[in-house]
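Enquirer: Sequence:
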Amino acid sequence: VTNLAKRKGIHMLSLAENGATKKKAKGMKHAMTENFSKDAKISVSTGLNMLFEDRALGGCTQAVGKGWNERVSSTSEDPRGWGRFMTTKLQGKKGRKLWITQLYAAYDKNPGPQSYWAMIKERMVDEEKNGEKMKKDKNRVMCPKLQMIEDLDKLRNQAETAGAEIVIMGDF
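Residue numbers for the sequence shown follow our numbering, so the first one is 1 and each next one is one higher.
These are computed hints drawn from the structure, not numbers from a lab.
C-beta: ideal position from N, C-alpha, C; glycine also.
Careful, some of the hints might be misleading.
[Unchecked claim] Quick list of the computed label-pair ranges, beta carbon to beta carbon:
#1 Glu132 to Lys66: 19 to 27 Å
#2 Gln114 to Asn139: 34 to 42 Å
#3 Val125 to Ser73: 20 to 28 Å
#4 Gln158 to Thr33: 41 to 49 Å
#5 Met50 to Lys6: 26 to 34 Å
#6 Lys66 to Lys129: 45 to 53 Å
#7 Asp153 to Asn130: 37 to 45 Å
[To be verified] Taking lysine to aspartate or glutamate and the EDC-like style, the derived pairs with C-alpha atoms no more than 20 Å apart in a straight line are:
#8 Lys22 to Asp108
#9 Lys29 to Asp54
#10 Lys135 to Glu122
#11 Lys154 to Glu77
#12 Lys29 to Glu17
#13 Lys138 to Glu160
#14 Lys136 to Asp108
#15 Lys6 to Asp54
#16 Lys8 to Asp54
#17 Lys154 to Glu132
#18 Lys93 to Asp108
#19 Lys121 to Glu150
#20 Lys22 to Glu70
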């Protein structure tokens, strides 16, 4: 993907479900620098580590290069640390702001114990034990989908408060 983006003159890559562990994130950044743009601003968020594998589920990658890198004011990751989404915040010369959010949403199609859905539900149970109110469905069961919607709504409100337009895209 990075080589094709470089050949086609693409200015930004935004990728969902990168499977990055902390160890792999450094290698991903290096590969993006070498194969996409040497001056790119690159952010790699890690996903949730799988129990018996050297990979993670979730995580997002965004890289902005070719002049647009100078307009990146900041990046932010999933505030819960679950690797569901990340945002690159761009600031134009005349003060216009654009936030680009890449997300990877869990789904319950095959909710086995090592599925992203199940792993997020486990984190939600932990958060609730620590006093954080988590979203539940009509049957009072923890619901990663409803939690994602609430967390993205908070992000949208932050963008509105900052006077930014927001683009939300991804695998959902």
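Enquirer: Could you tell me which of the numbered hints above are not met by this structure, giving the numbers in increasing order?
Expert: Violated: hints 1, 2, 3, 4, 7, 8, 13, 15, 16, 18, 20.
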